[in-house]
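Enquirer: So the chains spell out like this:
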Amino acid sequence: MTLTIGLLYLALFALAGRMQRHRPVLLNSWQRRPWVTHLPLAGWTLLGLSLLSLMLWADFGMALVAWIGLAPLLGGVVVFGMTYRPAVARAGVPVAAVLLVAGLLV
Amino acid sequence: MVRDGARQAMAWLHGWTGLLLGHILFIICLAGTLTVFKPEISRWMRPEISGQADPVRAITAATEWLSANTTGSTGWYLSAPDGRSNVVDANYDSGGAYMSRALDPVSGAPVARDTLGGEFFYRLHFELELPYPWGRLLASLAAMLMLVAIVTGIIAHKRFFKDIFTFRPGKGQRSWLDGHNALGVLSLPFHIMITFTGLLTLASLNMPWGIAAGYGADVATLYSDLTPGTVSREASGTKAPLAPVGPMLAQAQRYFGGAPVSRVYIFNPGDAAAVVTIYPVEAGAIGTLPAEISFDGATGKILKAWTEKRAGVRAYQTIYGLHMAHFAPLLTRWLYFLGGAMLTLAIASGMVLWIVKRRERAPLSIGNRLLERLNVGGLVGVPIGMTAFLIANRLLPLDVAERAQQEVSVALWSAGAALLLGLVLPPALGWPLLLGLLALLCALAAALGPIWAGDGVILSGNMLLTATAVGLALLVWKQVRRSSAPTPVRRRMAPA
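These protein sequences, in sequence, are chains A and B. For what it's worth, our numbering labels the leading residue of the first sequence as 2, then goes sequentially. For what it's worth, our numbering labels the leading residue of the second sequence as 71, then goes sequentially.
Calculated directly from the structure, the hints in this document are not laboratory data. Hints may contain errors.
[What the hints assert, rightly or not] Just a few of them, taken from the derived set where beta-carbon distance is under 10 Å, the chain B residues facing chain A: (1) V126; (2) R127; (3) P399.
[Unchecked claim] Cβ-to-Cβ under 7 Å is the rule here; a few derived chain A residues that face chain B: (4) A17; (5) H23; (6) G62; (7) G70; (8) G76; (9) V80; (10) T84.
[To be verified] Which bits of chain B does chain A cover? Going by a derived footprint, with three or more residues having C-beta under 8 Å, they are: (11) 251 to 261; (12) 406 to 415.
Predicted model only: the values in this text are computed from it and were never measured. Built from N, CA and C at the ideal position, the CB exists for glycine as well.
Extracted from the complex, chain B is given alone in its bound form (with noise of 0.2 Å):
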């Protein structure tokens, strides 16, 4: 039995983990349970491209697009189409200059829309738009007070079993602790699996004692222990045409056995020295298997093949893989997706209860009245940001220069349009106010077209669009009503 002081103080320490950084938790678990349909996301945002692309086709005119395309290049890092995404996605440097495009599968060629597609969301989820270290640093602050706020609300929670099948809608307070229970608690495995395999994918940067103490600062032997496989050399200086890809793509796909190739990594592109590393696929297990492949690239004879053993690296690869979720057939995805919203809606509720809580009972205090007004700007602000993101997508000409980043600063100018204004209105005109506009936004997005375009996926978002708006009209329109009714009279007791 716990003790009630025990209790209290875990009731506390709850409260305080999750307010203190509940709004950059709230961004993480909306951006993280976003990016479980990150190759979806890329899809619709590149309407042009449509259909299944053949992965080894596909690798082969990117690299030949790049091969007569780039200037002094020092590495491209491609990953190839798959059953979900459709485009070659590829990091490469040409003239000093580091680019990251998505390739048409069939010319090789940068596709028209410059967009981040949904990397904008999967790097949202851990680097919060911060530079390096600072936004991974803050996620990982976040994770572990997350994990403090799981295991003392599990502690704090007196019924926890008889409130898992417990909601009282229309109570005030009641119900939003009901909300943010249930949410919590029926999810509970769920939260507490990605809370504490995000920690650990970040574990390098969070708990980086043991590599200090192993390696120093020296990074490259650490490197060579976790990866043996990897064949890095330098560049001749001589220059070398590349040999077709197609043969070594083959050769590696019967190394990994019939299992498809995922990236391609090709360093020192045109020099007598080149590499191409290839990898398989991540799917197919909740563990990734690391296996890579390296040729010369000028000969395309083998040079290293490597696959891993280790029970140590394999264990974390598992960890990794159920963060990830790339094993993950449709159904477990949309598990995953369902997981992440009832976590992202528990941080929101609790945040709302927590002003909830107090106004019940006393006026509030200014830190609270800014804390509500926070809530409003903050829980509405961000999916007002990652709207819009997609409606640049639709609207922004695509000549523009830097679309991408231009499609990124929409996101983050709306947020903070929408912050502020939620600072400024009064709550309760606020959130009918945000809510209503997210609700035009959402609709927006899915009207802007095309409405279909070759597959289901574009259909879908526009679908999943819709139904969000719908579904926040009848919120906004239960909300304004609720608001105009006359407020009924409380009669207070006479004293005896």
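Only chain A is shown next, with the shape it has when bound in the complex (with noise of 0.2 Å):
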């Protein structure tokens, strides 16, 4: 479960920072980094990473219902945090990033 919400959230962030519209905000002083240009194809990689990771559920039925439903609710913390705090957006990349790293050693 941790391992598919860390890579759901930075696969979201990744293509929502892939945009020139949202780029300033979400990715601050790092937009001219040269690996922001690689942003589609992480984003995209890490989407189907995301889905890749529910096999390691249980139940695979239950595991994609789960993540239907957690791809609004992390979208919609992208969406809505960088509309109204930044600052909670992109906190949440080095969440997601403990959560990934702790299901992958859970």
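Got two chains here, each in a separate frame; can you build the complex from them with the hints?
Expert: Next comes the structure, spelled out in structure tokens:
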């Protein structure tokens, strides 16, 4: 579960960050780094990996339903975070990274 | 690539399909969203019964009470308490009258606070308080239009992926469109799933031709083919006491592989030809595994045990299970709630957007002015009615006749009065007034108490109501502050 949440948040953040309109708010001082051009690929790959991580769940059907529910929840954090509290949306990245690592270890 | 002409046609169809039954869809989605927590709402509405109940003991107590207090029954249909519900939901007939009551898990007697509880929202979701089959047909039609609106909305949306993450507040029509798009697109897989599965749960009604071709008017054969495990036999007319149900329940649980029992149907109770049919709980997997075991009611001996293995039926059960979400653990239930809330808000924002868009172009036509007022009365009136239902649950005396029905009447009359107010008042006044009233009602429902009663369900319900009240109050305050601020003077550009 934590692995899927981490991957999904990072995927949605990367996909939002690849857009010219949202880049300054989401990436702040990092928007001119060379790796920014690879964000679309990273976003789609992470999204694919979040779907693949469902295979680790005991029941794939239930996992898929939970993924369908988690996508709007985490997407909402990115959308409304960057609109009203960009720091919250950015703070989600290290949290998601921790969840991802915790998920891999557990 | 979709041509712009085709895209415009889709946008037109998206607008009209959403508008035509938009208010009905709003009721269906809001009630459906609340139904995710149907057992918890029922617990909030019956604060006298707290804590968990043992299903075997509760069913035994219920059958003992029913044996002693009903006459000439043809059937008792009981739902056992589980981790979420803590009463026995009973439907039965006695002396020719059909009754639906919650029975105390200890004494087996009806709970003093007669209420439909969460069942009201569940029935409203697909029956719309209309007689059979009209409510279900209207809900089916609305679901079909919703599916068309979703598909046309996807095609009409030019920058589908770009707009997922875009929300620009405080920009009038643009903000409404962004909000509508974000709500619709972020939760799109859920919206498609819930609409499609909802439509299929009513398939026998909205697509009856397959059944008609195969069975004609022979409904009995249809049901026996669908559920071959069912044992049905006529009453013999010879009286015989019901054998103890405890051992039957234990035997059924063993047959279901340890899964707890869920529903217990007793046909011809008190007759020598009584039949006790027991079903397992539906939680544990998305596609419920239809299984049943039937006992001779007089002797307690097994008559028939059956488990569904046909792929077609199990596929349908999966679709049905996806819509009902009985399988869902707590987190998934909240995610269903979130998805439902987003769909409800997407419908409401679409209805408002229709008006905002037209008002920015030209003065509103009479039809659109009427729609604008219907939006005020309908979109706020429905939740007002629902909150009034909760308040009536707390304020109506326990001994009032047909109490459960009185609660529903209060809900319908309140929603009707709010709709009328919305139609009469100018929208600039109607929105803050009715939203403020809704905030007050939510706060009142939480404050009427009990604030806390034995378990966390009542406290959680009260906290949610309070949070809704605070959120709505902030919205009203923002609305009033904006409308009282001086309007900036627009300077017209001088022609060059």
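Enquirer: Hint by hint, note whether the structure agrees.
Expert: Going down the list of hints, with the structure as the test:
1. V126: The hint is violated - V126/B has no Cβ within 10 Å of chain A, the shortest such distance being about 27 Å.
2. R127: violated, 30 Å
3. P399: At 8 Å from the nearest chain A Cβ, P399/B passes the 10 Å test, so the hint holds.
4. A17: holds, 4 Å
5. H23: With a closest approach of 6 Å, the H23/A hint holds.
6. G62: Constraint on G62/A satisfied, holds at 5 Å.
7. G70: At 3 Å from the nearest chain B Cβ, G70/A passes the 7 Å test, so the hint holds.
8. G76: Nearest chain B Cβ about 4 Å off; hint holds.
9. V80: holds, 5 Å
10. T84: Holds: closest Cβ of chain B sits about 5 Å from T84/A, inside 7 Å.
11. 251 to 261: Holds, because 5 residues of the segment 251 to 261 of chain B bring their Cβ atoms closer than 8 Å to Cβ atoms of chain A.
12. 406 to 415: With 4 residues closer than 8 Å to chain A, the segment 406 to 415 of chain B meets the three-residue bar; holds.
Of the hints listed earlier, those the structure fails to meet are numbers 1 and 2, in rising order.
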